Amino acid sequence: FSKVLASRLARVIGTLIPKTQSAFLKGRQLVDGVVAINEAIDFAKKSGKECMILKVDFEKAYDSVDWGFLDYMLGRFGFSPKWRAWMKSCVCGGNLSVLVNGCPTEEIQIRRGLKQGDPLAPLLFILVVEGLGGLMRRAVEVNKFRPFLVGGVEVPVSLLQYADDTLCIGEATVENLWVLKAVLRGFEMASGLKVNFWKSCVMGVNVTNEFLVMASDFLNCRIGRTPFKYLGLPVGANSRKMSTWEPMMDVIKGRLNSWGNKYVSLGGRIVL
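First residue of the sequence shown: 1, per full-length UniProt numbering; consecutive thereafter.
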């Protein structure tokens, strides 16, 4: 039943979720967000504009989703009560037990979270994290958060997401720091997804070290540096330098070597 519902949901979810989210949606790729943040950083370097980036880390994201918030988001997206009831029957409820020294414990009632491996889980999860996207867009609309403007036409960039891998981008101002903290705390309280500020990091382009230290203390997060990695790909590095791609090449070579040759046909060995 979950597979059937996931197939139906996949047909329409792309029309509901904005382009800033690039995970699990047809026609969108992992590299979309990487390209966008690289373009923003490249423009900041060329124009001399200050750009602040907050790389957000969520703790155990799938396991923390509040079911009430999920139902609220489904309602906001216009799903019917009947559809929401189907979602509840697939997601909510259930018990589990833990094996301790080979013996199962008493059953524990599950009260939150999405089931790993459920075909509905990734699609429902991006509906949940769109709550953060909506908060950020609203903050921009009411002029509380000032996004980073890219290019001559000044395209605003304030948020990039790949599931829960999140980048918040904006001007390096104290006001933006206050709004970011309020938005993240509010989303945390509503959705159940807890932000791990210590694993999160703030960084900037053309931003003074004094501001980054102040931002780090205010948000209780680490200070990051460019270039950095986002979704395993380099961001803010010179793409023309071989040193930028050498770590990725080493990873690919390691994976190819780990395959061995015993499961590879003669034709496959020739290709490798």
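Wrong hints could be hidden among the right ones.
[What the hints assert, rightly or not] Pair by pair, the computed Cβ-Cβ distance ranges are: (1) 141 to 84: 41 to 51 Å; (2) 253 to 225: 39 to 49 Å; (3) 110 to 246: 20 to 30 Å; (4) 233 to 100: 23 to 33 Å; (5) 107 to 83: 37 to 47 Å; (6) 107 to 12: 28 to 38 Å; (7) 84 to 110: 40 to 50 Å; (8) 108 to 253: 16 to 26 Å; (9) 255 to 8: 33 to 43 Å.
[Stated by the list, open to error] Result set (DSS-like, lysine-lysine): computed pairs, CA atoms no more than 27 Å apart in a straight line: (10) 49 to 82; (11) 88 to 46; (12) 241 to 194; (13) 49 to 229; (14) 49 to 60; (15) 60 to 19; (16) 49 to 181.
No wet-lab data here; the hints were simulated from the structure. In this text the structure is predicted, and so the values were computed from the model without any measurement. Backbone N, C-alpha and C fix where the C-beta goes; we use that ideal spot for every residue, glycine too.
Q.
So, against the hints stated earlier in the document, which numbers end up violated here?
A. Those not satisfied are hints 1, 2, 3, 4, 5, 7, 8, 10, 11, 12 and 14.
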